[in-house]
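The residues making up each chain are set out below.
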Amino acid sequence: ATSKMAGADSDDSLYPIAVLIDELRNEDVQLRLNSIKKLSTIALALGVERTRTELLPFLTDTIYDEDEVLLALAEQLGNFTMLVGGPEYVHCLLPPLESLATVEETVVRDKAVESLRKISHEHSPVDLEVHFEPLVKRLASGDWFTSRTSACGLFSVCYPRVSSTVKAEIRQHFRTLCSDDTPMVRRAAASKLGEFAKVLELEYVKSDIISLFTALASDEQDSVRLLAVEAGVSIATLLPQEDLETLVMPTLRQAAEDKSWRVRYMVADKFSDLQKAVGPEITKNDLVPAFQNLLKDCEAEVRAAAANKVKEFCENLPEDSRETIIMTHILPCVKELVSDTNQHVKSALASVIMGLSTILGKDNTVEHLLPLFLAQLKDECPEVRLNIISNLDCVNEVIGIRQLSQSLLPAIVELAEDAKWRVRLAIIEYMPLLAGQLGVEFFDEKLNSLCMAWLVDHVYAIREAATCNLMKLVEKFGAEWAQNTIVPKVLGMANDPNYLHRMTTLFCINALSEVCGQEITTKHMLPVVFKMSNDQVANVRFNVAKSLQKIGPVLDSNCLQTEVKPVLEKLASDQDMDVKYFAQEAISVLSLA
Amino acid sequence: SALAMSSAATTPPSVDKVDGFSRKSVRKAKQKRSQSSSQFRSQGKPIELTPLPLLKDVSAQEQPELFLKKLQQCCAVFDFMDTLSDLKMKEYKRSTLNELVDYVTVSRGYLTEQAYPEVVKMVSYNIFRTLPPSESNEFDPEEDEPTLEASWPHLQLVYEFFIRFLESQEFQPSIAKKYIDQKFVLQLLELFDSEDPRERDYLKTVLHRIYGKFLGLRAFIRKQINNIFLRFVYETEHFNGVAELLEILGSIINGFALPLKAEHKQFLVKVLIPLHTVRSLSLFHAQLAYCIVQFLEKDPALTEPVIRGLLKFWPKTCSQKEVMFLGELEEILDVIEPTQFVKIQEPLFKQISRCVSSPHFQVAERALYYWNNEYIMSLIEENSNVILPIMFTSLYRISKEHWNPAIVALVYNVLKAFMEMNSTLFDELTSTYKSDRQREKKKEKEREELWKRLEDLELKRSLQSDGIIPT
Numbered sequence: 001a002t003s004k005m006a007g008a009d010s011d012d013s014l015y016p017i018a019v020l021i022d023e024l025r026n027e028d029v030q031l032r033l034n035s036i037k038k039l040s041t042i043a044l045a046l047g048v049e050r051t052r053t054e055l056l057p058f059l060t061d062t063i064y065d066e067d068e069v070l071l072a073l074a075e076q077l078g079n080f081t082m083l084v085g086g087p088e089y090v091h092c093l094l095p096p097l098e099s100l101a102t103v104e105e106t107v108v109r110d111k112a113v114e115s116l117r118k119i120s121h122e123h124s125p126v127d128l129e130v131h132f133e134p135l136v137k138r139l140a141s142g143d144w145f146t147s148r149t150s151a152c153g154l155f156s157v158c159y160p161r162v163s164s165t166v167k168a169e170i171r172q173h174f175r176t177l178c179s180d181d182t183p184m185v186r187r188a189a190a191s192k193l194g195e196f197a198k199v200l201e202l203e204y205v206k207s208d209i210i211s212l213f214t215a216l217a218s219d220e221q222d223s224v225r226l227l228a229v230e231a232g233v234s235i236a237t238l239l240p241q242e243d244l245e246t247l248v249m250p251t252l253r254q255a256a257e258d259k260s261w262r263v264r265y266m267v268a269d270k271f272s273d274l275q276k277a278v279g280p281e282i283t284k285n286d287l288v289p290a291f292q293n294l295l296k297d298c299e300a301e302v303r304a305a306a307a308n309k310v311k312e313f314c315e316n317l318p319e320d321s322r323e324t325i326i327m328t329h330i331l332p333c334v335k336e337l338v339s340d341t342n343q344h345v346k347s348a349l350a351s352v353i354m355g356l357s358t359i360l361g362k363d364n365t366v367e368h369l370l371p372l373f374l375a376q377l378k379d380e381c382p383e384v385r386l387n388i389i390s391n392l393d394c395v396n397e398v399i400g401i402r403q404l405s406q407s408l409l410p411a412i413v414e415l416a417e418d419a420k421w422r423v424r425l426a427i428i429e430y431m432p433l434l435a436g437q438l439g440v441e442f443f444d445e446k447l448n449s450l451c452m453a454w455l456v457d458h459v460y461a462i463r464e465a466a467t468c469n470l471m472k473l474v475e476k477f478g479a480e481w482a483q484n485t486i487v488p489k490v491l492g493m494a495n496d497p498n499y500l501h502r503m504t505t506l507f508c509i510n511a512l513s514e515v516c517g518q519e520i521t522t523k524h525m526l527p528v529v530f531k532m533s534n535d536q537v538a539n540v541r542f543n544v545a546k547s548l549q550k551i552g553p554v555l556d557s558n559c560l561q562t563e564v565k566p567v568l569e570k571l572a573s574d575q576d577m578d579v580k581y582f583a584q585e586a587i588s589v590l591s592l593a
Numbered sequence: 001s002a003l004a005m006s007s008a009a010t011t012p013p014s015v016d017k018v019d020g021f022s023r024k025s026v027r028k029a030k031q032k033r034s035q036s037s038s039q040f041r042s043q044g045k046p047i048e049l050t051p052l053p054l055l056k057d058v059s060a061q062e063q064p065e066l067f068l069k070k071l072q073q074c075c076a077v078f079d080f081m082d083t084l085s086d087l088k089m090k091e092y093k094r095s096t097l098n099e100l101v102d103y104v105t106v107s108r109g110y111l112t113e114q115a116y117p118e119v120v121k122m123v124s125y126n127i128f129r130t131l132p133p134s135e136s137n138e139f140d141p142e143e144d145e146p147t148l149e150a151s152w153p154h155l156q157l158v159y160e161f162f163i164r165f166l167e168s169q170e171f172q173p174s175i176a177k178k179y180i181d182q183k184f185v186l187q188l189l190e191l192f193d194s195e196d197p198r199e200r201d202y203l204k205t206v207l208h209r210i211y212g213k214f215l216g217l218r219a220f221i222r223k224q225i226n227n228i229f230l231r232f233v234y235e236t237e238h239f240n241g242v243a244e245l246l247e248i249l250g251s252i253i254n255g256f257a258l259p260l261k262a263e264h265k266q267f268l269v270k271v272l273i274p275l276h277t278v279r280s281l282s283l284f285h286a287q288l289a290y291c292i293v294q295f296l297e298k299d300p301a302l303t304e305p306v307i308r309g310l311l312k313f314w315p316k317t318c319s320q321k322e323v324m325f326l327g328e329l330e331e332i333l334d335v336i337e338p339t340q341f342v343k344i345q346e347p348l349f350k351q352i353s354r355c356v357s358s359p360h361f362q363v364a365e366r367a368l369y370y371w372n373n374e375y376i377m378s379l380i381e382e383n384s385n386v387i388l389p390i391m392f393t394s395l396y397r398i399s400k401e402h403w404n405p406a407i408v409a410l411v412y413n414v415l416k417a418f419m420e421m422n423s424t425l426f427d428e429l430t431s432t433y434k435s436d437r438q439r440e441k442k443k444e445k446e447r448e449e450l451w452k453r454l455e456d457l458e459l460k461r462s463l464q465s466d467g468i469i470p471t
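Which chain is which? The protein sequence lines are D and G, in order. 1 is the number that full-length UniProt numbering gives to position 1 of the first sequence; each next residue is one higher, with no gaps. 294 is the number that full-length UniProt numbering gives to position 294 of the second sequence; each next residue is one higher, with no gaps.
Among the hints, a few may not be true.
[As the list claims (entries may be wrong)] Calculated pairs, EDC-like style, for lysine to aspartate or glutamate (alpha carbon to alpha carbon, straight line, at most 20 Å):
| no. | chain 1 | residue 1 | chain 2 | residue 2 |
| --- | --- | --- | --- | --- |
| 1 | G | Lys441 | D | Glu27 |
| 2 | G | Lys316 | D | Asp67 |
| 3 | G | Lys343 | D | Asp67 |
| 4 | D | Lys259 | G | Asp79 |
| 5 | G | Lys270 | D | Asp28 |
| 6 | G | Lys223 | D | Asp180 |
| 7 | G | Lys316 | D | Asp65 |
| 8 | G | Lys312 | D | Glu105 |
| 9 | G | Lys445 | D | Glu336 |
| 10 | G | Lys460 | D | Glu49 |
| 11 | D | Lys570 | D | Asp535 |
| 12 | G | Lys312 | D | Asp180 |
| 13 | G | Lys223 | D | Asp181 |
| 14 | G | Lys441 | D | Asp22 |
| 15 | G | Lys183 | D | Glu220 |
| 16 | G | Lys441 | D | Asp28 |
| 17 | G | Lys183 | D | Asp180 |
| 18 | D | Lys37 | G | Glu449 |
| 19 | G | Lys350 | D | Glu66 |
| 20 | G | Lys350 | D | Glu220 |
| 21 | G | Lys445 | D | Asp61 |
| 22 | G | Lys452 | D | Glu66 |
| 23 | G | Lys445 | D | Glu220 |
| 24 | G | Lys265 | D | Glu49 |
| 25 | D | Lys296 | G | Asp79 |
| 26 | G | Lys442 | D | Asp61 |
| 27 | G | Lys312 | D | Asp65 |
| 28 | G | Lys316 | D | Asp61 |
| 29 | G | Lys443 | D | Asp22 |
| 30 | D | Lys37 | G | Asp79 |
| 31 | G | Lys312 | D | Asp28 |
| 32 | G | Lys350 | D | Asp28 |
| 33 | G | Lys270 | D | Asp181 |
| 34 | G | Lys223 | D | Asp67 |
| 35 | G | Lys265 | D | Glu104 |
| 36 | G | Lys445 | D | Asp28 |
| 37 | G | Lys316 | D | Glu104 |
| 38 | D | Lys37 | G | Glu448 |
| 39 | G | Lys452 | D | Glu23 |
Think of the hints as simulated: they come from the structure by calculation, not from any bench. Bear in mind that the values here come from a model prediction, so they are computed numbers and not experimental data.
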């Protein structure tokens, strides 16, 4: 291909392809990669015809490179249809993509398959049969496992648009791959089984797909069996109710009791989808006991996955028997899980258990769930406690939070003082929500001092979050509350001997001025800011400049001109260059120059 | 995905998980060595075994029958995560297993045909299980302590017994092959993923014996190891027994007949070479390099594809891996034939030249050590007219610029060696160094201009065809 294109340097219109070839041969991978990423530039410059006749053959011939270059190429080619002349010529892109779909590296292959799937839609039905489907067949019968693996992802895109004879061939190829000798190919086939089932006619779903599903679900390798679970869910959505029991359920029941925890985990993980797919009757008869078993599984991994689904499963139970099923079958298992030996199980449960209160209503919640919430609020693992606190809103709607407040408070206080700053950070984030639910009185009495304590935490992230928290509290409780409770304390910190605390005052003012409004800002905050402009620490002074810039829009223009401007001007002639810089910036932003 | 889940049944409740900042090793140091075991099969009621007389206490005629009974008893599997349950019966099974180990070692005439299926059944019941979830989300074998198999007190004896059985003089593969079949081997191979190094060590011996005694299973074993490696490289990057499997392969390769079958060559190029790309290479690199060198000693013609493969997968960001690659390459060069060397020297020394100029001094140092290797030196000397021009620019530049004085000193020695080897060429390169650099810069500039013009052209064309090409 090279000799054909070389030696044309004199012709200006010919050099792009020569450049590309040079660049593709560059020793530096990065340069090769760059030129591949600009492939569309070159194609556009070449025009559609020369892209087809020169560029693509060249690319097809020279595919041996670093995987990173190949990945870029595979991606580019998926967007090349217009550059080769539109859908009429899209099949020209197939040869290079076919080679790319056979390479070893998974990411390259997957990208090539993705691009092939994309351009398959741009093929006319005739081209699909003449060009695309033969490619799929070649891949499906390739020697090395990589091409067969890639083929698995291409059946479903061509099946709907080909003739019935070709369809029969495609089904046959898919069948063959499902019993391939390498587990890699069987895994690929299993992971595409659901997708393929969706494009098949119902009769073939029943005849072909079910037997493939059954075989894959009892594969000797658990990595194949677990992929069949997901396919089973998709297949179940396609079948009429009366066929589910005989065609799908025996296999799914077996998967839920598989000897490999990975398969059972998968069942637990897909349980909500499964429940929707099989409908209320099978749920009542089959899934409820299966779910109980998963919640009691011997491996913590499986229990945690099932615990995550408790709320969703209960929500989707048929209404007529929901409460009975939950109370007699699910709740006893849930109670056990509250004192599970594994913290991940408990924490998974804690993240959803509060949701049960809306389903069960006030009385059941008070009698049966409340003791569990309270136990979890005292759990030794902070994640469990956090998960309960972060979902308080569900309970609030049903029984009001007061029922919990006695236990809540010690839990919150303990988390607020946890040695791990990330735990403290997490609880701060729930403060506005808690404040809203507990009400201003309870807050002032019990939580206000905590919120103020965070302002002087030794970790900056906590002080920052605490500042933001104050703003949200003021949004909830109003400016008057702010003026009476928090503003005095915040302003008091301006006299703290620690300059970090003095800066916190400024950060709080930045956050609060807007929600507190002009009056409070001008009357109470501004004088403190002015006073701090004389601070001996330069960091405080330049933060004064930044604060003034921030709160400027809240102030009236008279105040800006007569009071703010002189202070900023003074700072603009500070000895410290950072102070000067920020003062000048504030002057220009506030248009005070 | 199910394969990347956190935690396990035995993690002690700990608050440490919340803070991501303490170092893993610090955190782990506080924990005890943890234990884990598959629990799925050991649920349920207490196990009762009726004590049997000792084998040595019954007559020789009664022994085979009693041996079978004891094998059957040992099929009972206990829950070792529960340290308090079935204590008496656990002890009884342990002593029975001990007795069986001794029995197969010293007895004669015990191995009746009926014993084979019972032995395989007992071994299968005990060792085949779904391995428990890994304790840590990303088990890092270099830093994390492995989770040990809780049922080891029994399991070890079962392995011990099985190995003695396979090694026993009375053992007949022709009978055993009915029971030790493909399915058995497949399950055995899966166990190599065990986190417990003691178990993997026993498995290695077991597999070795099976490979040695069952000719009909050899191709199957190789193919399944192939599949395990391919999944490891391209799908999960997780499998604990790679080093052990490679060790077995090392001796398998050693026994390959010449000429090598296409299957074996494919294994080298498509499986062993890509194994170099895996993140945890350091855990099995020695065994891998041994396999590679074994292949090259068998068939020197494979040198070129192997070295090209290594160059293709040369580490881009991981200096430690780069040092390993350089070590392996030296092992290969130690056995390379001069005719093979000539075929590969250009791309090879372009890479070595890049390594020598690495700012990471360990990489540069490892590459420069090649010049201490007499055989490599002799190859370089024979081909100095090719290698010197490739290396010269890097060496010259480093001698002036490298931050590490030790590297600079090594480079001086290398330059000196080259000067002695081929002083005419050396002088020529020294005198043209500057003009060559200038030429390179000029070329670089031309490239940039070409791209600029190309982009202008693109802009022009896209404007022209705005009406024609829909967006």
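Broken hints, numbered, in rising order? When the structure is compared with the hints, numbers 3, 5, 9, 12, 20, 21, 22, 23, 24, 26, 28, 30 and 34 turn out to be violated.
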